[in-house]
Amino acid sequence: MSAPNSKRGSYFLITPMALIFAIFLVVPLLTIVVVSFWDYDEYRILPDFIFENYSYLLGSSVTWQIYLNTFKYAALTWAFTLGIGFTVAYFLAFYVRSLTWQIILFMVCTIPFWTSNIIRMISWIPFLGRNGLLNQALMGTGIIHEPLEFLLFSDFAVVLADVHLYTLFMVVPIFNSMMRIDRSLIEAARDNGASGWATLRHIIVPLSKPGIAIGSIFVITVVMGDFITVRLMSGGQSASVGLQISNEIGMLQYPAAAASAVVLLITVLLIVTALLRLVDIRKEL
Amino acid sequence: MTTEKKSKLKSILPGKDVTRRGFLKGAAATAGVAIGSGAITGFPTIWAQNIKNVTLRQFGTGVSNINAVADKVKEDLGFTLQMTALDSDAVAQRAVTQPNSFDIADIEYWICKKVFPAGTLQPMDVAKIKNYDKISPLFITGKLTPDSKIAQGTAPHKVGFVDGPDSTDFASAPTQWMTLIPTIYNADTLGIRPDLIGRPINSWAELLNPEFKGKASILNIPAIGIMDAAMVSEAMGEITYGDKGNMTQEEINKTIALMIEAKRAGQFRAFWKSFDESVNLMASGEVVIQSMWSPAIAAVRSKGIECKYQPLKEGYRAWGGGIGLAKHLSGLELEAAYEYINWYLSGWVGAYLNRQGYYSAAPDTAKTFMSDDEWGYWMEGKEAKGDVMSPEGKVMEKAGAVRDGGSYEERMGHVACWNSVMDENKHMVRKWNEFIAA
Numbered sequence: 001m002s003a004p005n006s007k008r009g010s011y012f013l014i015t016p017m018a019l020i021f022a023i024f025l026v027v028p029l030l031t032i033v034v035v036s037f038w039d040y041d042e043y044r045i046l047p048d049f050i051f052e053n054y055s056y057l058l059g060s061s062v063t064w065q066i067y068l069n070t071f072k073y074a075a076l077t078w079a080f081t082l083g084i085g086f087t088v089a090y091f092l093a094f095y096v097r098s099l100t101w102q103i104i105l106f107m108v109c110t111i112p113f114w115t116s117n118i119i120r121m122i123s124w125i126p127f128l129g130r131n132g133l134l135n136q137a138l139m140g141t142g143i144i145h146e147p148l149e150f151l152l153f154s155d156f157a158v159v160l161a162d163v164h165l166y167t168l169f170m171v172v173p174i175f176n177s178m179m180r181i182d183r184s185l186i187e188a189a190r191d192n193g194a195s196g197w198a199t200l201r202h203i204i205v206p207l208s209k210p211g212i213a214i215g216s217i218f219v220i221t222v223v224m225g226d227f228i229t230v231r232l233m234s235g236g237q238s239a240s241v242g243l244q245i246s247n248e249i250g251m252l253q254y255p256a257a258a259a260s261a262v263v264l265l266i267t268v269l270l271i272v273t274a275l276l277r278l279v280d281i282r283k284e285l
Numbered sequence: 001m002t003t004e005k006k007s008k009l010k011s012i013l014p015g016k017d018v019t020r021r022g023f024l025k026g027a028a029a030t031a032g033v034a035i036g037s038g039a040i041t042g043f044p045t046i047w048a049q050n051i052k053n054v055t056l057r058q059f060g061t062g063v064s065n066i067n068a069v070a071d072k073v074k075e076d077l078g079f080t081l082q083m084t085a086l087d088s089d090a091v092a093q094r095a096v097t098q099p100n101s102f103d104i105a106d107i108e109y110w111i112c113k114k115v116f117p118a119g120t121l122q123p124m125d126v127a128k129i130k131n132y133d134k135i136s137p138l139f140i141t142g143k144l145t146p147d148s149k150i151a152q153g154t155a156p157h158k159v160g161f162v163d164g165p166d167s168t169d170f171a172s173a174p175t176q177w178m179t180l181i182p183t184i185y186n187a188d189t190l191g192i193r194p195d196l197i198g199r200p201i202n203s204w205a206e207l208l209n210p211e212f213k214g215k216a217s218i219l220n221i222p223a224i225g226i227m228d229a230a231m232v233s234e235a236m237g238e239i240t241y242g243d244k245g246n247m248t249q250e251e252i253n254k255t256i257a258l259m260i261e262a263k264r265a266g267q268f269r270a271f272w273k274s275f276d277e278s279v280n281l282m283a284s285g286e287v288v289i290q291s292m293w294s295p296a297i298a299a300v301r302s303k304g305i306e307c308k309y310q311p312l313k314e315g316y317r318a319w320g321g322g323i324g325l326a327k328h329l330s331g332l333e334l335e336a337a338y339e340y341i342n343w344y345l346s347g348w349v350g351a352y353l354n355r356q357g358y359y360s361a362a363p364d365t366a367k368t369f370m371s372d373d374e375w376g377y378w379m380e381g382k383e384a385k386g387d388v389m390s391p392e393g394k395v396m397e398k399a400g401a402v403r404d405g406g407s408y409e410e411r412m413g414h415v416a417c418w419n420s421v422m423d424e425n426k427h428m429v430r431k432w433n434e435f436i437a438a
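The listed protein sequences derive, respectively, from chains A and B.
1 is the number of the first residue of the first sequence in my numbering; add one for each residue after it.
1 is the number of the first residue of the second sequence in my numbering; add one for each residue after it.
Hint data in this document are derived by calculation from the structure and do not stem from the laboratory.
A hint or two may mislead.
Stated by the list, open to error - If we take Cβ atoms under 8 Å as the criterion, some of the chain B residues that face chain A in the derived model are:
(1) LYS143
(2) ALA270
(3) TYR408
(4) ALA437
To be verified - Here are the computed distance ranges between Cβ atoms for each label pair:
(5) ASP166(B) to SER116(A): 38 to 46 Å
(6) ILE118(A) to GLY393(B): 52 to 60 Å
(7) GLU211(B) to SER123(A): 26 to 34 Å
(8) LYS327(B) to SER116(A): 42 to 50 Å
(9) GLN98(B) to THR110(A): 42 to 50 Å
(10) PHE156(A) to GLY304(B): 52 to 60 Å
(11) GLY196(A) to GLY304(B): 57 to 65 Å
(12) GLU409(B) to MET139(A): 46 to 54 Å
(13) PHE12(A) to LYS327(B): 50 to 58 Å
(14) ARG264(B) to THR110(A): 35 to 43 Å
(15) LYS72(A) to LYS426(B): 24 to 32 Å
To be verified - Some chain B residues well away from chain A (every beta-carbon gap over 12 Å; in silico):
(16) THR84
(17) ASP125
(18) GLU286
Values in this document were obtained by computation on a predicted structure and should not be read as measured data.
Beta carbons are placed, not taken as given, at the ideal position from N, Cα and C, and that holds for glycine.
Given these sequences and hints, build the entire structure.
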């Protein structure tokens, strides 16, 4: 370990990765941070060092509303994807006995991902619309008499699309964690008279925690930064942080967009740090 | 060098007895041969050969960047026109920050108001523009007919001229130096689904009528959306504006407050940003009344769904664009650019644009390239005798159709406000974002 040769060898081996990170992650991020202090007018960005972008952003009630809205989407999506993802993973890991079937069913879960996520999202629009398939079916069977308006261009539609898009991100890591659980632990629990629930609570959930944490990081970071789902599914009537950044870029207000991006990045990093505090992924992996 | 070329060019340009159209036809017919070298003695064939090597780079918004125009330029004038389509924000940014990346800028008039003072464009000498007197008076005096009222907002004539060849100050009256040659313009209004509304609509105020709760939409492009919102607020009698195209902070705040109130009450089904979104909202019946653009109406109708571009008593919100010359153009390239502009106004493009449902800068020249029936339908508000065809040869309307809003004078003569950029633009955009987030 401490031999100079092997140390040099380690440095040599990590160089490519370090370079890639430096060029494609660190440099762009620093650029964004620098630009967030610049000034701008209608058509230009002007090198400067001002705090106006941040003071406006943090002082505006719109920002707080947008963050609240984004947190709402993230929390709801997280709760539903966790519920569905955990159940699906549990079924695959503990109910499906044969490895072949596990692989087949797992592949089935990925079939929707063979199309682009924009297409998966847009397909909801004719389905949920006022004259859409669902409303027609419900009215045809006489369950409702007026079309349900909340189905499309609403928070419901946004969360539905998010859950549809990102549940697999939850299934995969949880399934992975569950497959690592030593089956003899479950047998031991049963032998000692633990009920199904008790086994789930005291053995499976704690041991699936790393998977749950990784899945949560995936889902929360994606939803926090999303803009296209919110725009299409809310019919442009709701805002999210990502959408705000996208609008600012559209209006060439790059410094304002950079400031928003920095604040969002810090927010997401705080969330991820909090999650990692709760679960020590490194220890569990 | 430059002046020499200019004088040579002047000598070869046809006199008044030769019509522009005839000249172009002749030029096309003798493509490859020096233009009229037999008729005009001493004309150096070098020039005609050189101009074919010229490439002009034009950039602008999608509506007027039409490939068919570039092809026709190659055919008629011999030189190459490269087109780049960008969105309006990017167009404005490029015109200011990358002045050497283009030769011809195709920009909207409200963008011109911001861009021209940056000094990256040069004004055009109207003495060199052959059909200058045919250009619609909307762009010269702002009055379509002598007794029309001048509309609010960035009316094109207000930014159409500068004081001198090197000036960037807009002139208050027409001068010899024109900033943009108009290319394409139109009058926008609300689109409705007459089959789902079932009664006449005649005011902008109807957009916020509770009768259409959850079935209305407005476009979410702040600079244009705010104007539609202002047309609505004024029609409702809630707010009176000094100039809807340049509102005060208080006017902006009041307008947005009204819109937020309507949004919270559930008036809007959605906000749209792109052309296809507006088409889908209307075609699916999610929305029955909304801000709309004329090609979107055509797209809804082409699905066999009733949709009307409803004229309203308060008038239209108009927009328009034009082409300007880059500051760096000189010599042969500048001459080629003038050739292009003269060709642009000579009628072929005008007819092409008119057939798309837009209006062209010099209607009289376009007329010679359109059939009587086409002219009657698009420009005079007459019933179409045969099927109305798009420039690409698709049937747009069946025989017997009448254009919504009627004739050119009826539509362009009732403009209430032109698209514009406000002095309080930053404030407006921030308030608009509050409306979207509310």
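Right, here's what the structure says about each hint:
{"no.": "1", "hint": "LYS143", "verdict": "violated, 30 Å"}
{"no.": "2", "hint": "ALA270", "verdict": "holds, 3 Å"}
{"no.": "3", "hint": "TYR408", "verdict": "violated, 33 Å"}
{"no.": "4", "hint": "ALA437", "verdict": "holds, 4 Å"}
{"no.": "5", "hint": "ASP166(B) to SER116(A): 38 to 46 Å", "verdict": "violated, 52 Å"}
{"no.": "6", "hint": "ILE118(A) to GLY393(B): 52 to 60 Å", "verdict": "violated, 32 Å"}
{"no.": "7", "hint": "GLU211(B) to SER123(A): 26 to 34 Å", "verdict": "holds, 32 Å"}
{"no.": "8", "hint": "LYS327(B) to SER116(A): 42 to 50 Å", "verdict": "holds, 44 Å"}
{"no.": "9", "hint": "GLN98(B) to THR110(A): 42 to 50 Å", "verdict": "holds, 45 Å"}
{"no.": "10", "hint": "PHE156(A) to GLY304(B): 52 to 60 Å", "verdict": "violated, 31 Å"}
{"no.": "11", "hint": "GLY196(A) to GLY304(B): 57 to 65 Å", "verdict": "holds, 58 Å"}
{"no.": "12", "hint": "GLU409(B) to MET139(A): 46 to 54 Å", "verdict": "holds, 48 Å"}
{"no.": "13", "hint": "PHE12(A) to LYS327(B): 50 to 58 Å", "verdict": "holds, 54 Å"}
{"no.": "14", "hint": "ARG264(B) to THR110(A): 35 to 43 Å", "verdict": "holds, 41 Å"}
{"no.": "15", "hint": "LYS72(A) to LYS426(B): 24 to 32 Å", "verdict": "holds, 29 Å"}
{"no.": "16", "hint": "THR84", "verdict": "holds, 17 Å"}
{"no.": "17", "hint": "ASP125", "verdict": "holds, 27 Å"}
{"no.": "18", "hint": "GLU286", "verdict": "violated, 5 Å"}
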